[in-house]
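Q: Single-letter residue listing:
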Amino acid sequence: MKKIFIFLLTVLITASIYTYLTGASKRTDVPVISWKSDANPQRYEQIDMYHKFLQKNGVVKEDGSPRGQLVLDTASNQSTLIQAVSGMAGDIFDCFAVTDYAAMGVGVDITEQANRNGYGLNTTYEGMWSQLSLAGRQYAYPCNGAVPALWVNVDTFKKYDLPVPPQEWTPEEFEELGKRFVKLANAGSRRQLCFFVPSVESSSFAMPILRSMGKDVYNETMTRSVANTPELAKVFELLYKWTYEDRIAPTAADVASMNADATGYGGANFSNFLQGRYAMIVTGRYGLIRFREFERQVTFSLSQLPMYDFKNLLITVRAAMPYGRTKSPELVDMFLRYLASYEYNKYIIDFADGLPPNPHIVKEDLLQLKDKYPREGITHELEIGWAQTIAIPESRPRYLKAGTPNWLGNSISEFFNGRKSAQEAAEYVEYRYNLEIDTACEANPATRADWEEQMAVQTRIDEYKAAGKKIPVEWISNPFYIRYYRKMGMLAETTTAGAR
Amino acid sequence: MATKKKNTTGARLTRTTLLHIGLSLIALMMILPFTWMILTSLKLLEEVEFDSWIPTVFQWRNYPDVFRMRGIEFGRWYWNSIFVASWVTFLQVFTSSLAAFSFSRLEWKGRDRVFFMYLSTMMLPGLVMMIPNYQNMIRLGLVNSYLGLIIPSAFSAFGTFLMRQFMMNIPKSLDEAAEIDGASKWQLYWEIILPLARPAMITLTIFTFIGNYNSMFWPLVMMKSPDKYTLPIGMLAFQSSQGQQTNLLMAAVAMSVLPMIIIFILMQKQLVKGIMLGGVKG
Amino acid sequence: MKSNKRQLKNVCTGMAFLLPNLLGFLAFTMLPLVMSIYMAFTDWNLEMHNYFRAEPIRFVGFRNFAQLFSDPDFGRYLGNTFFLMIGIPFGVAASLGSAILLSLEFRGTRRFWGLSILTALMLGGCVILTLAGMGATAMTMLMASLFGSVFFIGSIGGRTVYRTLFYFPHFTSGVATFILWKKLYAPENGPINNALRPVFSALTPVAESLLPFADGIATVLLGLMMALYVVMVFRKMRRWEDGECGHVSAVLGMVVLSAPPALSLLWVDAPWVRVAMPVLLAIGWLWFAWHIFGMKRIYNCVLDYKIGDSTIVDGVALVAGFALIGLANVAWNLPDLVGQPEGLPLPKWIADYYWAKPSIIFMGFWAAVGSNNMLLYLAGLSGVPQDLYEAADIDGASRWQRFWHVTWPQLANVTFFIMVMAIIGGIQGGFEMARVMTNGGPAGSTTTLSYYIYTQGFATGRLGYASAVAWLLFLLMFVVTMFNWKFGNRYTNE
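Each protein sequence line maps, in turn, to chains C, W and S.
So the first sequence is numbered by our numbering: it starts at 1 and just counts up by one.
So the second sequence is numbered by our numbering: it starts at 1 and just counts up by one.
So the third sequence is numbered by our numbering: it starts at 1 and just counts up by one.
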């Protein structure tokens with residue numbers, strides 16, 4: 001017994017020493033920072049480029065190798081939040097809205113250093129500002145972004161002798177062309193295999209249409225959901241009609257019975273699109289990563305989603321947020337500078353990994369792309385142009401928790417499955433989001449105080465609206481209304497116009 | 001009537017054959033998923049979704065490929081899992097046997113009350129304790145460290161219970177004989193009771209090792225750095241980042257199940273005994 | 001004086017041995033326990049109380065619990081947890097079945113040779129089949145040879161081989177096998193649907209021919225469910241009159257039996273159901289009340305007499321009732337299903353709101369057939385005295401009677417233990433599957449209480465609230481277990 005015990009103990013202690021010596025922090029003698037992001041293969045190249053960037057900027061050891069190392073942390077780990085607030089997050093983590101984290105004190109205010117080192121808000125898209133800053137202070141800088149729009153497979157339209165979709169169109173035009181397309185494309189086949197667009201059963205398809213009618217899910221201060229409008233119900237019904245009556249978009253059952261290799265980046269939708277089963281697909285530039293790999297080359301053009309008067313598109317941002325407790329603030333600062341650098345943005349432009357965070361720096365290169373990739377034409381300029389003009393981020397109240405379900409999308413499903421009427425579904429969106437806000441306020445008195453303050457602002461906004469007065473821009477936090485009221489001439493700009 | 005039938009050889013053979021066929025069918029259902037797993041792990045990616053389960057060419061290189069994937073430190077995770085599970089098992093068996101010795105072989109006031117307290121906590125859902133435990137780990141600075149995984153699992157009421165049940169059955173006369181020989185309590189424990197309790201120790205070893213090797217919740221909240229992941233959360237990371245590479249994923253799954261299968265086949269007998277020991281008394 | 005000293009010494013020695021474990025126990029079980037109770041009554045929220053900010057933690061009384069009950073999702077998640085527990089009786093029954101099969105007599109004199117030859121013949125047959133090119137695909141060959149090998153090894157190794165193979169899924173169950181099942185369930189190209197696809201397309205004409213009668217079938221199925229209710233209530237009354245069932249078990253049975261008709265109001269869309277079910281329920285309960293209050297029964301018995309027995313029988317009826325409702329709903333929706341251009345749609349398993357829970361139950365069943373429970377039953381079966389069977393044989397009992405009157409009562413202790421453990425496990429279960437396979441979705445259909453605690457506590461950071469949910473879960477477990485002990489014990493002792 002004694003011998004076994006001592007033997008086991010020796011083995012375990014040896015193993016412990018081995019484990020300790022081979023841990024990641026022991027493998028290199030330079031400081032290591034980690035970047036929590038997705039597992040896109042391009043990230044690894046971007047990391048290698050970062051190391052070169054360090055060398056170029058003199059962050060080196062005596063032998064000339066970079067004095068710092070970046071590692072990628074790709075686990076989509078739901079424990080991120082709890083680890084972050086426990087002092088244990090990645091040095092830089094990708095998030096889609098800083099409000100989730102900055103309010104908890106996890107982020108650091110980088111406004112000053114950002115302006116000093118060339119990665120301030122003004123270097124990037126105005127549409128992204130609300131996702132990078134909280135109360136006017138910057139907390140993050142984008143790695144990339146996207147303005148999802150309709151990528152058109154021009155060859156498919158040529159094949160059926162149909163006009164290529166215009167850059168802007170109304171739902172009626174969309175529907176009309178769509179019906180012609182599915183009729184021609186499915187002629188002679190027993191079961192419908194070709195569709196105009198992939199499934200429209202999504203909130204990202206509904207949102208721009210809703211906004212084009214001047215409505216949003218939340219009010220101006222984002223203190224309450226105001227989704228229960230006839231407009232939202234109309235959007236729901238439109239999507240339903242396209243799916244079940246006009247059959248220009250597939251139903252869930254259609255999607256489930258398509259056979260495509262769902263392997264690889266982007267999933268089955270992309271392969272269906274490239275094989276001509278979908279005439280168009282909703283994606284951002286990043287789709288090209290996959291499109292270019294495909295052996296059959298396709299000619300592209302770009303169209304906005306179909307919508308009414310107020311033209312808009314969603315903009316999404318993958319923001320790199322520095323962590324408050326990083327051990328190497330210098331390396332993190334270098335990383336953000338790297339994100340705003342020419343090298344990085346050039347890479348994003350060339351390899352189509354979404355929108356470049358700092359578009360001004362690569363303006364010239366952008367114009368060269370249409371010569372380099374003739375089949376992609378002016379799509380690059382268009383998307384980046386839209387990102388700078390009409391793109392608006394999703395409105396996301398700071399009172400919502402990280403991990404709040406997408407109730408808009410849920411409600412569309414409820415309606416599509418016949419569990420609710422269109423108006424009931426719209427009402428449900430409002431009910432659920434308001435409930436989420438209430439819960440968050442109840443859990444945190446600071447949130448509640450903030451919310452009450454904003455509610456008071458909202459009352460004043462409502463009074464101004466009723467009186468037909470122009471609304472001061474700084475009262476509004478919902479990015480949609482700023483743009484919309486500005487266009488409608490309902491906005492009173494302050495002297496520091498554009499500061500928000 | 002029934003006895004008559006049994007005696008004819010033909011009927012008996014038919015009966016046995018039918019029984020075997022039935023059992024084989026159930027067994028087949030049990031191993032089919034594993035068969036698919038192994039065959040898929042040997043396929044090319046393009047073949048994964050084919051109707052046929054059999055790869056056209058066996059891709060043995062999928063297995064070494066798993067270790068070479070960028071961002072997937074499979075070898076490290078493997079090592080971590082076994083390392084953590086080994087420490088936990090070692091400590092748990094040791095502390096449990098000590099406690100069990102105290103509860104079963106020593107007479108002291110309040111013993112049964114303390115034991116009852118132990119027993120009653122076995123009923124509590126682990127989730128109740130997880131949340132405050134995590135808070136304590138933060139305070140102790142043990143988040144994202146191996147110690148944070150090992151220490152909380154090193155003590156177990158279940159292990160104590162299992163060992164106690166076994167030690168109760170060792171005859172008391174041994175203690176008296178040892179006492180007459182002038183042995184101390186420690187000697188009694190170390191030289192007499194512990195060797196005799198070996199079957200229970202082996203059972204507890206298997207249970208603890210497998211339980212810890214498989215445990216997901218605690219490592220999931222505790223471990224942050226990829227080089228400190230254990231296999232379950234490593235597999236989770238694999239699935240979420242490279243999950244579309246079904247063939248490699250299945251190779252990884254097969255390899256992560258392997259230690260359990262080996263332990264199971266080697267230790268079957270003790271395990272079966274142990275389950276009955278732990279269960280029947282329950 | 002001396003004895004006191006001695007006693008103290010004893011305590012010290014005892015404690016010395018206990019100390020390592022006790023310290024750990026206090027630090028990692030007792031302390032968290034106390035903290036957890038405290039947390040459940042505070043607003044401990046990681047947004048406010050974390051590494052970076054330390055606002056005072058406020059005591060909020062029962063607010064967390066109040067919020068819990070007003071949360072529209074909590075009821076759903078509780079329901080999900082119970083729904084997933086429907087799998088438990090099936091799993092236990094299956095492990096009992098396999099234990100019985102394994103315990104049957106294996107020792108035939110010519111067993112080895114006879115079976116080996118048979119296996120060799122079968123394997124040979126397969127080979128010949130391919131050689132002759134009889135159209136056997138590689139898949140058929142694979143299945144045949146797999147079966148052949150299992151059969152062969154089984155016939156040589158006997159019980160141990162089968163036991164090992166049965167036990168495999170349970171032993172390895174964990175993240176790895178969940179990932180495996182997720183791939184098996186892949187709706188587009190997973191092996192399960194690949195295998196089902198030809199079956200479903202063959203069934204399509206059958207379903208189409210049934211189309212005109214779909215409503216009729218649904219009505220008949222619902223009618224059967226109602227009939228089942230009537231029969232079971234009738235049986236219950238009879239047993240009550242005969243003194244074979246106490247008041248408590250009668251009321252409890254009525255509640256259980258009423259669940260299918262009551263829930264069909266929610267689950268079935270047909271208009272007539274809205275009238276028929278309330279009427280049926282009202283009649284049932286009125287009749288019951290009239291019996292209990294208005295009748296004198298011939299034999300009296302204790303309040304909770306035979307509660308275990310009746311619970312099991314009623315439970316089976318409950319599951320059967322649910323199954324009938326489910327089938328009726330399928331028949332009801334048949335026109336939608338067949339209306340698809342490509343015939344009957346394949347189930348989308350864990351990707352589908354309605355299929356997700358059955359999928360998880362099925363996977364659990366696979367792992368439960370040869371679990372610890374099977375081993376416990378095996379041990380229990382070997383402990384049944386052989387003379388009881390002989391006595392039954394002399395009485396000319398059929399196989400079923402032998403099982404019901406000898407085996408089942410003898411195994412009651414084991415069954416009771418298994419059920420208690422399974423229910424405790426079931427109430428706090430579902431976290432790993434939800435985390436690995438579905439992330440609680442689609443649309444929350446696989447979110448169980450434990451997963452809810454995890455998301456509230458560790459993903460959203462509301463530790464106080466999560467602790468409150470955890471304590472509620474404990475309370476639930478405690479009640480169920482106490483119920484089991486109180487009544488189950490009596491049942492097993494009868």
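These are calculated hints, taken from the structure and not from any lab test.
Since the structure is predicted, the reported quantities are computational estimates derived from the model, not experimental observations.
Virtual Cβ for every residue (Gly too), placed ideally from N, Cα, C.
Careful, some of the hints might be misleading.
To be clear about the criterion: a stretch of chain C counts as covered by chain S if any three or more of its residues have a C-beta under 8 Å from a C-beta of chain S, and this derived list gives those stretches [stated by the list, open to error]:
| # | region |
| --- | --- |
| 1 | 201 to 211 |
| 2 | 281 to 292 |
Derived coverage of chain W by chain S (criterion: at least 3 residues anywhere in the stretch with Cβ under 8 Å from a Cβ of chain S; other residues may be distant) [said to hold, decoys possible]:
| # | region |
| --- | --- |
| 3 | 48 to 61 |
| 4 | 78 to 88 |
| 5 | 138 to 149 |
| 6 | 170 to 180 |
| 7 | 195 to 208 |
| 8 | 222 to 230 |
| 9 | 251 to 265 |
Q: Could you run down the list of hints and mark each one as holding or not?
A: Tested hints:
no.	hint	result
1	201 to 211	violated (count 0)
2	281 to 292	violated (count 0)
3	48 to 61	holds (count 6)
4	78 to 88	violated (count 0)
5	138 to 149	violated (count 1)
6	170 to 180	violated (count 0)
7	195 to 208	violated (count 0)
8	222 to 230	violated (count 0)
9	251 to 265	holds (count 7)
Checked against the numbered hints above, the structure breaks hints 1, 2, 4, 5, 6, 7 and 8 and satisfies the rest.
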